[in-house]
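Undergrad: The lines below spell out each chain.
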Amino acid sequence: MPQIAQLAETYSSQVFWLLVFFGFVFLVIGRGMVPRVMDTVALRDKQIADDLAAAGAARQQADAEEEAWRLRENDNRAHAQAIIAQAKADAAAANEKKLAAAQKRLDKKLAEAAERISAARGEALNEIESVASEAAQDIVQRLAGVKVAKTAADAAVKKALSHG
Amino acid sequence: MAAEQGKVDPMHQFAIEPMFGSAHWEIAGYNIAFTNSALWMAIATVALWIFVAGGMKRELVPGRWQMAVESFTGFIDDLLEANVGKAGRKYVPYIFSLFMFILFANLLGLIPLPLALAGVHPFTFTSHFTVTGVLAILSFAIVLVVGFWKHKLHFFSLFVPHGTPLVMIPLIFMIELVSFMIRPFSLGLRLFVAMMAGHVLLEVLSSFVIDGLNAGATFGLIVSLPSFLLMIGICALEILVAGIQAYVFALLTSLYINDAENLH
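So the sequence lines, in the order shown, correspond to chains L and F.
Here the numbering used here is used: the first residue of the first sequence is 1, the next is one more, and so on.
Here the numbering used here is used: the first residue of the second sequence is 1, the next is one more, and so on.
So here's chain F without its partners, still in its complex pose (with noise of 0.2 Å):
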């Protein structure tokens, strides 16, 4: 629809589309259908599970694929070691493959040129709330559950800070309480905001190109020279920002845990 009225909607790289003919495909009446973000999610599945696969050679001495995929096992161990303590090893497969889920939808979601000739326009699934929520929620329920199987009630005092005076307790206790449950939220929607808007960014300098070219020489000049120099400088930042919001995922995912595996 963008190139039928001759400019670029910054938005449109966003909507979702069923694929394959899979529109009305239903489960007890919600409709499943096998979207173009489906089919990112399913890129970045079998593009991680290749990688990890390329590193299962379990040779002693490690080729360059493994090392790479041992280094990021290491990475998120030593994450989880350094926040959470021995307790933290048992939750490497979630936070493993919460932070490379999120990074391969993240990078592949920034794949340019040659996919878009080919007609493919990739999809970065993180820019969507419904996703990062349900992540984010799912990294909540696990603290939840832990704190709650482990401590019991004694869950609760995670919100009464050591050494309060017994008068502050009660609005202390909701303060915690409240930025305890604005965790899921946050964690959520700052993945979404950050990829989002990134992309966003990027397609509104490109219609800038697009637009001074289509103005003539001069305006090319002026207008679409540096707007491109600038996209080349803000893609290198967001695959900055891509690894980053992985991680920053992850390692608040960790630090809650912390919360729940030790309390305080």
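One chain only, chain L, in its complex shape (with noise of 0.2 Å):
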């Protein structure tokens, strides 16, 4: 066995060497290149960590925003819908007056139209009664040769006419 064989001899060049040797690692490639390494894989992590982030708080914002417009846009629908309702409410009293005005237009005119009947029927009335008187005393004095006087032939049809 080499290892105890040659102990004596060797083990100060072994050690020696390993001192050397894993010195040497340990100061130049432990020391001073992992910390690099690792720094590197740090920034990295961080710069994921944070384009992460950022991304969450970009989402977050237009989750807000998106919210915000919803709200306003809730708010100009129902102002629309309360401007077309105001609309149509006008709309619907400014028909009724006018409806109404035309309504009592035409009441007032059917009322001076059946005045006017009512008086030309007067009239009618009036000269049939005394178309009717003439006719009677015309009558009477054809046949019987009596001179009726206007007024009695008068009374005489007006109570005829009213008897029906």
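Please keep in mind that the hints were generated in silico from the structure rather than gathered at the bench.
Glycine included, each C-beta is placed from N, C-alpha and C at the ideal position.
Take the hints with a grain of salt, since some may be wrong.
Stated by the list, open to error - No more than 25 Å apart at the CA atoms, straight line, and that leaves these computed lysine-lysine pairs for DSS-like:
#: 1; chain 1: L; residue 1: Lys97; chain 2: L; residue 2: Lys108
#: 2; chain 1: F; residue 1: Lys152; chain 2: F; residue 2: Lys86
#: 3; chain 1: F; residue 1: Lys150; chain 2: F; residue 2: Lys57
#: 4; chain 1: L; residue 1: Lys97; chain 2: L; residue 2: Lys109
#: 5; chain 1: L; residue 1: Lys46; chain 2: F; residue 2: Lys86
#: 6; chain 1: L; residue 1: Lys46; chain 2: F; residue 2: Lys90
#: 7; chain 1: L; residue 1: Lys46; chain 2: F; residue 2: Lys57
#: 8; chain 1: L; residue 1: Lys108; chain 2: L; residue 2: Lys98
#: 9; chain 1: L; residue 1: Lys98; chain 2: L; residue 2: Lys88
As the list claims (entries may be wrong) - Simulated restraints, written as ranges between beta carbons of each label pair:
#: 10; chain 1: F; residue 1: Gly163; chain 2: L; residue 2: Gly32; range: 43 to 53 Å
#: 11; chain 1: F; residue 1: Trp25; chain 2: L; residue 2: Met1; range: 16 to 26 Å
#: 12; chain 1: F; residue 1: Met56; chain 2: L; residue 2: Ala57; range: 32 to 42 Å
#: 13; chain 1: L; residue 1: Ala64; chain 2: F; residue 2: Gly163; range: 52 to 62 Å
#: 14; chain 1: F; residue 1: Leu255; chain 2: L; residue 2: Glu65; range: 45 to 55 Å
#: 15; chain 1: L; residue 1: Pro2; chain 2: F; residue 2: Ile175; range: 29 to 39 Å
#: 16; chain 1: L; residue 1: Pro2; chain 2: F; residue 2: Ala28; range: 18 to 28 Å
#: 17; chain 1: F; residue 1: Val160; chain 2: L; residue 2: Gly32; range: 37 to 47 Å
#: 18; chain 1: L; residue 1: Leu27; chain 2: F; residue 2: Tyr30; range: 17 to 27 Å
#: 19; chain 1: F; residue 1: Cys235; chain 2: L; residue 2: Gly32; range: 32 to 42 Å
#: 20; chain 1: L; residue 1: Leu27; chain 2: F; residue 2: Leu221; range: 52 to 62 Å
Using the hints, put the two chains back together into the complex; each one sits in its own frame.
TA: In structure tokens:
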């Protein structure tokens, strides 16, 4: 077993060179290079975390903005509905007013027409009466040869007419 | 020497040989020859440096290589986060170095034929307990330093679990102390034994293949072919073991550091 057989003559060189090379590995590679490699990893991890956080924040903002837009939209919609309803109500009121006015005019015209008709009828009746009384005077004169006074004839006609 | 004897010495692969005529380099009387072991430490270090450097492009969207390096650092980071907590982050450089250095050593030591054909034999320095022992002592020293630094003498309360009856405290204390002191040995020996066992097994099986073929076609069919198939399977297993042992070393170190950081 050379490890034991050569121990006395080689241990010092083994230990010496091991310390030299392991010391180099530790100081140059372990202390010098490894931290920089790990820094790179940490930097990358940080960047990824930052990017993720930024993306999350952006999404939250987008959500908030959408929510605000939705509220605004709802407001606008409600506002528009109110305007439409108001316009409808206004239009209905105006219509009603116009209709009422027209109705009034019509009623007035009707009343006037009825008045005129009744006046015309009265006139016509008077005329009929006078015609009838003249006719009655005439008939009486021809048949009986009696001259009837106009007032008497009128009264008689009126009496006959009213009796139907 | 194995070739000269006409048979395979499964232990020869662990032999340490000075290279480039450096056998007599010394510092303060201690031999510091640049051996094949040191060469493979250097290769592992360079390979690891290339691997990590390739992942340093620092791009926001990583390429494959960068992704691979980042997944290793992330793996160690998660390991420490899970076992030690937030305070574990400062140990990432050490645990990463430990894990990757052992992993590269284990894997590079497994590189088979192409290198051997070129006359270069891969050497697994993690199959030497001098190496694993030093790494284990390093980890253990960190645990001790951190423990006594953070908790001063309260660190000794680590050896007395909560709710221990008063009379039991001396006994429990001794048992816990011993199990604590054994940690560096178990840590170092585990890696060393696992790596050595796998390599010895591969070497023994390969000697079966060679000897069987030398003994003739019949033996070749009966002995060499199954051994060869078994070797392929065990190679896959060894790759798994290389990863697992590196992971176990890093995991146990982080568990021990957790004891020092958080006591109980």
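Undergrad: Work down the list of hints and note, for each, if the structure agrees.
TA: Evaluated hints:
{"no.": "1", "hint": "Lys97/L to Lys108/L", "in the structure": "holds (16 Å)"}
{"no.": "2", "hint": "Lys152/F to Lys86/F", "in the structure": "holds (21 Å)"}
{"no.": "3", "hint": "Lys150/F to Lys57/F", "in the structure": "violated (37 Å)"}
{"no.": "4", "hint": "Lys97/L to Lys109/L", "in the structure": "holds (18 Å)"}
{"no.": "5", "hint": "Lys46/L to Lys86/F", "in the structure": "holds (18 Å)"}
{"no.": "6", "hint": "Lys46/L to Lys90/F", "in the structure": "holds (20 Å)"}
{"no.": "7", "hint": "Lys46/L to Lys57/F", "in the structure": "holds (18 Å)"}
{"no.": "8", "hint": "Lys108/L to Lys98/L", "in the structure": "holds (15 Å)"}
{"no.": "9", "hint": "Lys98/L to Lys88/L", "in the structure": "holds (15 Å)"}
{"no.": "10", "hint": "Gly163/F to Gly32/L: 43 to 53 Å", "in the structure": "holds (45 Å)"}
{"no.": "11", "hint": "Trp25/F to Met1/L: 16 to 26 Å", "in the structure": "holds (25 Å)"}
{"no.": "12", "hint": "Met56/F to Ala57/L: 32 to 42 Å", "in the structure": "holds (34 Å)"}
{"no.": "13", "hint": "Ala64/L to Gly163/F: 52 to 62 Å", "in the structure": "holds (56 Å)"}
{"no.": "14", "hint": "Leu255/F to Glu65/L: 45 to 55 Å", "in the structure": "holds (54 Å)"}
{"no.": "15", "hint": "Pro2/L to Ile175/F: 29 to 39 Å", "in the structure": "holds (36 Å)"}
{"no.": "16", "hint": "Pro2/L to Ala28/F: 18 to 28 Å", "in the structure": "holds (25 Å)"}
{"no.": "17", "hint": "Val160/F to Gly32/L: 37 to 47 Å", "in the structure": "holds (41 Å)"}
{"no.": "18", "hint": "Leu27/L to Tyr30/F: 17 to 27 Å", "in the structure": "holds (22 Å)"}
{"no.": "19", "hint": "Cys235/F to Gly32/L: 32 to 42 Å", "in the structure": "holds (35 Å)"}
{"no.": "20", "hint": "Leu27/L to Leu221/F: 52 to 62 Å", "in the structure": "holds (55 Å)"}
Hint violations for this structure: number 3 only, all remaining hints satisfied.
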